Amino acid sequence: MDKVDKIFEILNKEYPKWNAPVIQFMAQNGDDPFKILVSTILSLRTKDEVTAKASERLFKVVKTPQDLLNLSEEEIEKLIYPVGFYRNKAKVLKEVARELIQNYNGKVPDNLEDLLKLKGVGRKTANLVLSAAYKKPAICVDTHVHRIANRVGFVKTKDPHQTEFELMKVIPQKYWQDINKLFVAFGQTICKPIKPKCDECPINDYCEAYKNGSVKSGR
DNA sequence: AAAACGGGGGC
DNA sequence: GCCCCAGTTTT
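For what it's worth, this note's numbering labels the leading residue of the first sequence as 196, then goes sequentially.
Keep in mind that the hints were calculated from the coordinates and are not lab data.
Keep in mind that the hints are not guaranteed to be accurate.
[Unchecked claim] Okay, the calculated beta carbon distance ranges per label pair:
no., residue 1, residue 2, range
1, K314, K390, 28 to 38 Å
2, L311, Q368, 17 to 27 Å
3, P397, E270, 39 to 49 Å
4, D197, R293, 40 to 50 Å
Source: prediction; values computed, not measured.
Glycine residues also receive a C-beta, built at the ideal position from the N, C-alpha and C atoms.
Whole structure, please, built from the sequences with the hints as guidance.
Right under this line is the structure:
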């Protein structure tokens, strides 16, 4: 069995042990692209749990872009507090809602180009929406994915953008969905930026950084 | 008191 | 490509 197959097999098996509130939350909320987009925007620089709670509160009131637009920024701020940047995010959320209604019939675009045109949406957010909401082949590179891919040895680059393209070459497409789902949870609990728990790591046999002792406290 | 949490956007 | 951004939680 190929090393890549083995790694994903193990991570999939271990996954239930890890907590990734946002992912669980998204799973509970089906694949509604709008909710996934909003949650992802909220998650910026904010802990998973907090994002999940804030999303839950917001979605009790807001189901569509129009709902969002009907609220004042202050009302949105109250709903999403205490996510970091709540003031800015409230503004972004309203702007995104406005763009969705004006340019996309109130629906979240299902292609990278249009998603990237939205305010506050970059490659990470866009790819997550494509993957989670539309089940399209896309790899969402956040700091966890970037760090883990480099440690394990899938890629060797400092540029997250480059990581995205390298991973697409190295990892078979059938696993792209797994990357987005598994790596965040794995990165938060085991393969942490500093003080990673390599002794408890289920895939340390396959990790280049572990083998050559270069898993420093660093990103 | 200081560091950690992370992605987008401007230049 | 590098640097800035901002609020809450954790150490």
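Here is what the structure says about each hint:
no., hint, verdict
1, K314 to K390: 28 to 38 Å, "holds, 36 Å"
2, L311 to Q368: 17 to 27 Å, "holds, 21 Å"
3, P397 to E270: 39 to 49 Å, "holds, 45 Å"
4, D197 to R293: 40 to 50 Å, "holds, 47 Å"
The structure shown violates none of the earlier numbered hints.
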